[in-house]
Amino acid sequence: MKTFKIGGVHPSESKLSAKSPIRRAGLPKQAVISLYQHIGAPAKPVVAKGDEVKVGMLIAEADGFVSVPIHSSVSGKVNKIDAVVDASGYRRPAIFVDVEGDEWESSIDQSEDLVTLADHPELTPETIIGKVKAAGIVGMGGATFPCHVKLSPPKGTKAECVIINAVECEPYLTADHRLMLEKPDEILVGTELVMKAVGVEKGYIGIENNKPDAISLLAERVKQHPHIEIVPLQVKYPQGGEKQLIAAVTGREVPAPPALPIHVGAVVQNVGTTFAIYEAVMKNKPLFERVITVTGKDLRQPSNLLARIGTPMSQLIEECGGLPGDTGKVIGGGPMMGKALMHLDVPVCKGSSGLLLLGEREARRKAPQPCIRCAKCVSACPMGLEPYLLATASSLRKWDVAEENGITSCIECGSCQFTCPSARPILDNVRMGKATVMALIRARNAK
Amino acid sequence: MAKKLIVSLSPHVHTRDSVQRNMYGVCIALIPALLTSLYFFGIGAAVVLLTSVASCVFFEWAIAKFILKREEVTVTDGSAVLTGLLLGFNLPSNLPVWIIIIGALVAIGVGKMTFGGLGCNPFNPALVGRVFLLVSFPVQMTTWPVPGQIGSYLDAETAATPLAVMKTAIKSGDASVLDQLPSSIDLLVGQTGGCLGEVSALALLIGLAYMLARHIITWHIPVSILATVFVLSGALHWADPVYASPVTVLLTGGMMLGACFMATDYVTSPMTAKGQVIYGISIGFLTVVIRTFGAYPEGMSFAILIMNAFTPLINTYCKPKRFGEVLKK
Numbered sequence: 043m044k045t046f047k048i049g050g051v052h053p054s055e056s057k058l059s060a061k062s063p064i065r066r067a068g069l070p071k072q073a074v075i076s077l078y079q080h081i082g083a084p085a086k087p088v089v090a091k092g093d094e095v096k097v098g099m100l101i102a103e104a105d106g107f108v109s110v111p112i113h114s115s116v117s118g119k120v121n122k123i124d125a126v127v128d129a130s131g132y133r134r135p136a137i138f139v140d141v142e143g144d145e146w147e148s149s150i151d152q153s154e155d156l157v158t159l160a161d162h163p164e165l166t167p168e169t170i171i172g173k174v175k176a177a178g179i180v181g182m183g184g185a186t187f188p189c190h191v192k193l194s195p196p197k198g199t200k201a202e203c204v205i206i207n208a209v210e211c212e213p214y215l216t217a218d219h220r221l222m223l224e225k226p227d228e229i230l231v232g233t234e235l236v237m238k239a240v241g242v243e244k245g246y247i248g249i250e251n252n253k254p255d256a257i258s259l260l261a262e263r264v265k266q267h268p269h270i271e272i273v274p275l276q277v278k279y280p281q282g283g284e285k286q287l288i289a290a291v292t293g294r295e296v297p298a299p300p301a302l303p304i305h306v307g308a309v310v311q312n313v314g315t316t317f318a319i320y321e322a323v324m325k326n327k328p329l330f331e332r333v334i335t336v337t338g339k340d341l342r343q344p345s346n347l348l349a350r351i352g353t354p355m356s357q358l359i360e361e362c363g364g365l366p367g368d369t370g371k372v373i374g375g376g377p378m379m380g381k382a383l384m385h386l387d388v389p390v391c392k393g394s395s396g397l398l399l400l401g402e403r404e405a406r407r408k409a410p411q412p413c414i415r416c417a418k419c420v421s422a423c424p425m426g427l428e429p430y431l432l433a434t435a436s437s438l439r440k441w442d443v444a445e446e447n448g449i450t451s452c453i454e455c456g457s458c459q460f461t462c463p464s465a466r467p468i469l470d471n472v473r474m475g476k477a478t479v480m481a482l483i484r485a486r487n488a489k
Numbered sequence: 153m154a155k156k157l158i159v160s161l162s163p164h165v166h167t168r169d170s171v172q173r174n175m176y177g178v179c180i181a182l183i184p185a186l187l188t189s190l191y192f193f194g195i196g197a198a199v200v201l202l203t204s205v206a207s208c209v210f211f212e213w214a215i216a217k218f219i220l221k222r223e224e225v226t227v228t229d230g231s232a233v234l235t236g237l238l239l240g241f242n243l244p245s246n247l248p249v250w251i252i253i254i255g256a257l258v259a260i261g262v263g264k265m266t267f268g269g270l271g272c273n274p275f276n277p278a279l280v281g282r283v284f285l286l287v288s289f290p291v292q293m294t295t296w297p298v299p300g301q302i303g304s305y306l307d308a309e310t311a312a313t314p315l316a317v318m319k320t321a322i323k324s325g326d327a328s329v330l331d332q333l334p335s336s337i338d339l340l341v342g343q344t345g346g347c348l349g350e351v352s353a354l355a356l357l358i359g360l361a362y363m364l365a366r367h368i369i370t371w372h373i374p375v376s377i378l379a380t381v382f383v384l385s386g387a388l389h390w391a392d393p394v395y396a397s398p399v400t401v402l403l404t405g406g407m408m409l410g411a412c413f414m415a416t417d418y419v420t421s422p423m424t425a426k427g428q429v430i431y432g433i434s435i436g437f438l439t440v441v442i443r444t445f446g447a448y449p450e451g452m453s454f455a456i457l458i459m460n461a462f463t464p465l466i467n468t469y470c471k472p473k474r475f476g477e478v479l480k481k
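Residue numbers (our numbering), protein chains in the order written: chain A, 43 to 489; chain B, 153 to 481.
There could be a bad hint or two in this list.
What the hints assert, rightly or not - In silico BS3-like pairs for lysine-lysine, Cα to Cα no more than 27 Å straight-line: (1) A:K278 / B:K471; (2) B:K221 / A:K278; (3) A:K57 / A:K278; (4) A:K44 / B:K471; (5) B:K323 / A:K408; (6) A:K71 / A:K91; (7) A:K96 / A:K325; (8) A:K278 / A:K440; (9) B:K156 / A:K339; (10) B:K426 / A:K440; (11) B:K156 / A:K408; (12) B:K473 / A:K278; (13) A:K71 / B:K426; (14) A:K440 / B:K217; (15) A:K57 / A:K91; (16) A:K244 / A:K197; (17) B:K426 / A:K47; (18) A:K47 / B:K473; (19) A:K381 / B:K156; (20) A:K119 / A:K71; (21) A:K408 / A:K86; (22) A:K339 / A:K278; (23) A:K408 / B:K473; (24) B:K323 / A:K44; (25) A:K440 / B:K473; (26) B:K471 / A:K47; (27) A:K86 / A:K173; (28) B:K473 / A:K44.
Said to hold, decoys possible - Covered stretches of chain B (chain A as the covering partner; in silico rule of three or more C-beta atoms under 8 Å from a C-beta of chain A): (29) 268-279; (30) 288-297.
Read the hints as simulated data drawn from the structure, not as lab findings.
Even glycine gets a Cβ: it sits at the ideal position worked out from N, Cα and C.
With the rest of the complex left out, here is chain A (with noise of 0.2 Å):
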C-alpha cells in the first residue's frame, strides 16, 4: 500500500459521523457573507444596502488575478457591509442578507441528472477553467487557493497528472467521505473536466484505505473512466498535504520553496473542489454552499450538512443536537490544523470543512515541560525537518539559523507538536520563526 516516505503520525480517527448521510442545512435568518474567503486580494462588493439579491447572484467581484467573485448564497435584501470576527479570529468586512424565500438565478440547472463531458464536447480548456474563476472556487480542503491560478500552470511548466486528494486525514472529518459517497460519478466527471483543463491523459484518486466503501464504490465506477485510477493510501497523517499526496501517489518529491507542485508536473485538486468544479460547469452553479461535517464527542448527533455560505456555525451546532454542557473549545475544521474560533456566530465560508466541539478537559493544552531531546518530533516531521531546533532558533531570534533549516519548507501540519512527550508548544513557535524568516526573505528580494 502506498503512502509517503518521510515522518507522519497516527493521531486517533475518531470520524464520529462517517455513517451520517448529508443533509441541508436550514437557511439562516441572516447569512453573513465574509468578503475574505480565498486567498489572495479580497473581493469587492457590487451591490449595496437595500439590493435583492437572489441564490447564487454575483454580489462581490474578483480584484485581481489571485482572487475570486463571491455569489449569494440565499435570497434576500442586503441589510449592511460590515465588519465580523470570522474564523480567523480578524475583524474583516462581510456582506450582510436578510434572507427572504428561496429565490435562485435561473441559469442554475437545479436537477439531479448527471451531465458528462460527452454532453459537451463543445467544452475547451479555457471555457473549463473561465467557468471555475467566474464560480468564485477555492481550494474546499481548507487552503482557499483560488482554483483557477492552479488550473492556469505557470509558463515553462507542464502538467502531466491530476491528483484528487481524496484522503481526508484529518481526524473526525467525513465530508469529503461522504461526498464520495454520494456524488460518486459528478466527481470522476468533475475530475475529467480538471484534466481535460490543464490537458492531462492521467488522473489518480488518493483515498486512505481506512475508507473502504468509498474505495469500493469508486473503483467500480471509474470503469467508464479508463484514464482515472484509484489510489489506496495506507492511513498517515499528514498525507492529505499537498506535497505529501504528491509523493505518495507518483513517488515525487516537490522541491523546497518557491519549487510548486507543478515543477513535478502535479496538479492536485481536493475532492470537494472537484465536485464543485462539476456543477460549476455542467451545472452552471457558483460555489455559494458546501458540505460541512459537524462533529465532536459530546454532540448528540453528528452530521455532514450541505450548508449555504454564510449561515452561522450556532445554527448548525443546533441542528446536530445543540451545545454540549462542557464544550471547551470550537475548532473550523480538523483537530489537527483548524483554527479555534472565537465565538459562535462565525459564518460558514468557502473553506470551512468542519466544525468540531472539543470538551473543556480535551481543548486545554497540557504543561509543557523541558524538552529531553527524544528526538521524536525529528522523526514525525513529514519534510524532514528537525522541529526541536527550528522552535529553539526561533524562541531565540535566531532567524539565519533557522532559514538555514529549512524552517520555510514548514507545512505547519503540527505533526511536532502532537508527539511531543513534553507537551512543548513546538509549531506555535516554529510559525512565528516562519512568518518572520519569510518576511526577511521578501524584504530582501525586494532590495
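Once you have looked at the hints, place chain B on chain A.
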C-alpha cells in the same frame, strides 16, 4: 455571549505520550534485570538499589528546592528514579552505603542539576556518578561478589570477573587463560560476577525488546553499538585467539546495559537516525579499543561519556534528509 471558549493554535489534540510515560517505561524495562540482580545478589542488590534511587530522588528534590529555589519541584517526572536505578545497576552489590550516596550526589548534583536539570545535561548523569566512583574508589568499585550469595552484603565473597580474566589473557598473551571464562549460557543468564545490573544479558535484552515495542527508543543506537563490537572483536579474535570470542565480548561486563540503557539516554544522544548510527558505531569502536588496549578492563562507560561530548557536533553535521532534497524525475 455567556460561554467563554478556549482559543489556542493548532494542533488541538495531543498524543498520550509524556515524559513520565517514557521515563517510567524505561524503569519498567529494567524490571527483568532488577529481578535477576535480586536473585543473584539478594540483600546486597536491594540495599545498593534502594540507597541509589532514594538518594538520587532526594538530591534532585533538595537541589531544586533549596539551591535552585524552583517553585515547581518535578521529582515525579521519573528521571531521577531512572538515574538512581541505572547508577545502582552500575555498582557492585557489596558497595558501602556512604560511597553510593556520594555517587548519587555527583550523578544528580554535578551530572544533572548544575546544567539546569532535566534535558540540559550534556553527559549521562548515572555514568558521571559511576565514573567518579570508579576513579575515586578503585578498589571498592572493582571487587565484585560471586553471584548466589543472597544473604550477604558487605561480607560477600568476591572473585575475578570475566572481564578481568579477558584482560589477564591479553596481558599474558596466553589464550588458555580464557578457559576460566564461564560458558556463554551462564553469561547470558547471569551466572557470573559483575555490577549488579549487568550480569544477565538476557534480562537486559528483554528490556530492550520492551522499549522497542513501546516506541520508547529506536533500534539505531543499540544495534549499531552491538554490531560494531561484534565485528571488531570478531576480527581481533580471528587474528589472535588470545582475544576472547565476539559472543563472549558481547555478553560480558556493561556491554548490554550500556548499549541498551545508557547510550540510548534521550538527552545525551544524537537527534537524527544517521547521527545515532555514527554515535553507536563510535561507542562500539571505543569500547573495544579501551577493553583491548586500555588500562581498565571495562570501556563502555568511558566510551559513552566520550561520545556524549561529541553529540552536539554530531547534531550539527547529521541532518535528516529533507523532503524534496533530491528531486526524482
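Tested hints:
A C-alpha spacing of about 23 Å is found between A:K278 and B:K471, which places the hinted pair at or below 27 Å, so the restraint holds. Our distance criterion of 27 Å between C-alpha atoms is broken by B:K221 and A:K278, whose separation comes to about 44 Å. Restraint check: the Cα-Cα separation between A:K57 and A:K278 comes to about 14 Å, which is no more than 27 Å; the hinted pair holds. A threshold of 27 Å between alpha carbons decides the hint, and for A:K44 with B:K471 the separation of about 26 Å falls inside it, so the pair holds.
With a CA separation close to 57 Å, the supplied pair B:K323 and A:K408 exceeds the 27 Å bound. Between the alpha carbons of A:K71 and A:K91 the distance comes to roughly 17 Å, so the proposed pair stays at or under 27 Å and holds. With a CA separation close to 17 Å, the supplied pair A:K96 and A:K325 stays within the 27 Å bound. Between A:K278 and A:K440, the direct Cα distance comes to roughly 32 Å. Violation of the 27 Å bound is thereby established for this hinted pair.
Restraint check for B:K156 and A:K339: satisfied, since their Cα atoms lie roughly 19 Å apart, inside the 27 Å limit. Taking the CA atoms of B:K426 and A:K440, the gap is near 25 Å; set against the 27 Å cutoff, the hint holds. Between B:K156 and A:K408 the alpha-carbon distance is near 19 Å, which keeps this suggested pair within the 27 Å criterion. Restraint check for B:K473 and A:K278: the C-alpha separation of about 19 Å stays at or below 27 Å, so the hint holds.
Of the pairs offered as hints, the one joining A:K71 and B:K426 is violated, with about 60 Å between alpha carbons and a cut-off of 27 Å exceeded. Using a Cα cut-off of 27 Å, the hinted pair A:K440 and B:K217 is violated, with the two alpha carbons roughly 32 Å apart. Annotation: proposed proximity of A:K57 to A:K91 is violated, straight-line Cα distance about 42 Å (limit 27 Å). Only pairs whose Cα atoms come within 27 Å are accepted, and A:K244 paired with A:K197 is accepted, the gap being roughly 21 Å.
Straight-line distance between C-alpha atoms of B:K426 and A:K47 comes to about 16 Å, which keeps the hinted pair within the 27 Å bound. Under the criterion of a C-alpha separation no larger than 27 Å, the hint pairing A:K47 with B:K473 is consistent with the structure, at around 11 Å. For the hint pairing A:K381 with B:K156, the CA-to-CA distance comes to about 16 Å; that is within 27 Å, so the pair holds. With a CA separation close to 11 Å, the supplied pair A:K119 and A:K71 stays within the 27 Å bound.
For the proposed pair A:K408 and A:K86, the alpha carbon gap of about 43 Å is over 27 Å, so the pair is violated. Our distance criterion of 27 Å between C-alpha atoms is met by A:K339 and A:K278, whose separation comes to about 22 Å. Taking the CA atoms of A:K408 and B:K473, the gap is about 31 Å. The hint is violated against a cut of 27 Å. Distance check on the hinted pair: B:K323 and A:K44 sit about 57 Å apart at the alpha-carbon level, beyond 27 Å; violated.
A distance of roughly 22 Å separates the Cα atoms of A:K440 and B:K473; the hinted pair therefore holds under the 27 Å criterion. Only pairs whose Cα atoms come within 27 Å are accepted, and B:K471 paired with A:K47 is accepted, the gap being roughly 16 Å. Restraint check: the Cα-Cα separation between A:K86 and A:K173 comes to about 19 Å, which is no more than 27 Å; the hinted pair holds. With a CA separation close to 20 Å, the supplied pair B:K473 and A:K44 stays within the 27 Å bound.
Closer than 8 Å: that is the beta-carbon criterion, and the stretch 268-279 of chain B has 4 residues meeting it against chain A, so the requirement of 3 holds. With 0 residues having a Cβ less than 8 Å from any Cβ of chain A, the stretch 288-297 of chain B misses the three-residue criterion, and the hint is violated.
When the structure is compared with the earlier hints, violations turn up for hints 2, 5, 8, 13, 14, 15, 21, 23, 24, 30 and for no others.
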